[in-house]
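Trainee: Sequence:
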Amino acid sequence: MKNTPHSPELAPFDLAAFVAQFPLFARAPNGIANLRALILQLAVQGKLVPQDPNDEPASASLEKIAAEREQLIKTGKIKKEKPLPMIADDEKLFELPEKWVWVRLASILSISSGKNLTSSQMNPKGEIPVFGGNGITGYHDQSNIFKPTLVIGRVGFYCGSIHITPDKAWITDNAFITYFSEENIDLVFLSWLLKSKNLNENDSATAQPVISGRKVYPIVVALPPLEEQQRIVAKVDELMALCDQLEAQQDDQARNLLEANTAAVQAVTKTPIPSPSPARGEGSEDAQENAELLSPHPLAGGGLGRGGNAWQRIATHFNTLYGTNLPLPSEMRRGKLKDRTVALENIAKLRQLIRELGLKGKLTDSDATHWQWHSFASLGDNRLGKMLDQAKNSGTAVKYLRNTNVQWYRFELDDLLEMKVEEHELPKITLLPGDLVICEGGEAGRAAIWNGEPIVIQKALHRFRCYDELFNQYALLCLRTDVESGRLAEYYTGATIKHFTGKALKDYTILLPPLEEQHRIVAQVDELMALCDTLETLLTEQRQVAADFSAAAVLAVTA
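The working numbering applies: residue 1 is where the sequence shown begins, and numbers increase by one.
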């Protein structure tokens, strides 16, 4: 924001107050990463250190840089670029501090590609790092630069990334070598100046992202005096160190909460469900053996009794374990877990605990003495779908379900494909409402209950139609619980790609209560899962409020 003759003076930036708010910023989604970016923005706007009236103005440095560049052009070391337009007022994004100057990057630096070096040409025994589009890509025994150098990623997903090399390095043609006046511009400050511009946002809109001088040179930046650049570098180092400390503290706290929840859950489930071999199947000899194990959970009747201390530990620390919206430890923030919090991860384990306790009969007032082990072969009819073979298949083209259409408890039907099916094949491969659909491969065992119009399935799916003594939702609960616990993996085949074959599904055994009890267990689990859903919704809303507050605070700080 610029001051105009009619606008009020902006209040001076309060660095101490800003630093005091670090923990608050850090707790917002992507908090510490955003905090680091905010520090860079404040740095390049001159808000982190006071201006010194004794500093030589940046305009004087700019004159020296221009003279140096003119000499380099004369000697043929760099080429003369086409003149760029004057900097317009709408390109000046903030009020310029005293002795600073607006410049286009073309006025202070030039870039050129490194030299090609394929992975087969590298000597992996060398100690000289090779820099590509996103930093170090390998090692070599030769270098093509011999001092710390600022490198800009040129091509690929990470084009525009900024790195500083050690004294010796090899820069490939996937990156730019940056040349500038080291007597007038601080190397580290320049790296932050470029990082603050998010150069990857300026990549060409092509299948292979790429940036060039044509994109880089017109960018407008604010250049401070050299002495102030150096003070800014020192202050940014100090603030980044505080971010490091804060991140380490957050990581430690997050790990402690995850470990505490794991210990609390394990204390409740310290007596596991026995895992019989398929041979034990329907034998009633195990009923008495399992009676004590499957006795009702003490909390079901309102008292604590045996095992009550473990539940009490969870109840006492519930808000801490399941209400702390800290990000996961940095080493866990990858892929699907990138934006996940400690609370959501702990709630996932709480869900798993609820399912396990349900199958142990500890959520309902159960008489478990009559529960017996049964194989799926005795509890329903299992069929695999039709082999997909366009060369051999004939008949009428119909839509079908494949593995990717089946998710836990639901179906994704927006990309159904078609295959040809003969009339006589339909009874064996058609789903009817109430059928359990189970993945044979992929995430083997993943399942959902079909309640739509009749549809056929491909061979990567099982259709399991329950007999009267098995409630389909109870069967689904068993599958989900045993996938999570790893018990179902005992039935998989395949060394790398796991399969849950038709034979394995028939051999799969579950502990079966009476039908009415199955319904009560499922109802109790569903009720508790709904509470988990509500808790997750509240946490998500809380996290959004934190994100909105953080964004407003950033706007206030940078305005």
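One or more hints might be untrue.
As the list claims (entries may be wrong) - Just the calculated beta-carbon pair ranges, DEER-fashion:
(1) 499 with 423: 36 to 42 Å
(2) 389 with 115: 32 to 38 Å
(3) 536 with 240: 51 to 57 Å
(4) 338 with 85: 21 to 27 Å
(5) 19 with 317: 29 to 35 Å
(6) 393 with 118: 52 to 58 Å
(7) 242 with 84: 35 to 41 Å
Claimed, not checked - 35 Å max Cα-Cα, derived DSBU-like pairs, lysine-lysine:
(8) 82 with 64
(9) 336 with 195
(10) 459 with 503
(11) 74 with 147
(12) 336 with 215
(13) 270 with 47
(14) 115 with 77
(15) 197 with 79
(16) 392 with 336
(17) 195 with 270
(18) 47 with 74
No lab work stands behind these hints, which were simulated from the structure alone. Even glycine gets a Cβ: it sits at the ideal position worked out from N, Cα and C.
Trainee: The structure should be examined with respect to each hint, and the outcome stated for every one.
Mentor: Results of checking the hints against the structure:
| no. | hint | in the structure |
| --- | --- | --- |
| 1 | 499 with 423: 36 to 42 Å | violated (30 Å) |
| 2 | 389 with 115: 32 to 38 Å | violated (51 Å) |
| 3 | 536 with 240: 51 to 57 Å | violated (33 Å) |
| 4 | 338 with 85: 21 to 27 Å | violated (41 Å) |
| 5 | 19 with 317: 29 to 35 Å | holds (31 Å) |
| 6 | 393 with 118: 52 to 58 Å | violated (45 Å) |
| 7 | 242 with 84: 35 to 41 Å | holds (38 Å) |
| 8 | 82 with 64 | holds (20 Å) |
| 9 | 336 with 195 | holds (26 Å) |
| 10 | 459 with 503 | holds (14 Å) |
| 11 | 74 with 147 | holds (24 Å) |
| 12 | 336 with 215 | holds (33 Å) |
| 13 | 270 with 47 | violated (56 Å) |
| 14 | 115 with 77 | holds (17 Å) |
| 15 | 197 with 79 | holds (25 Å) |
| 16 | 392 with 336 | violated (39 Å) |
| 17 | 195 with 270 | violated (51 Å) |
| 18 | 47 with 74 | violated (39 Å) |
Of the hints listed earlier, those the structure fails to meet are numbers 1, 2, 3, 4, 6, 13, 16, 17 and 18, in rising order.
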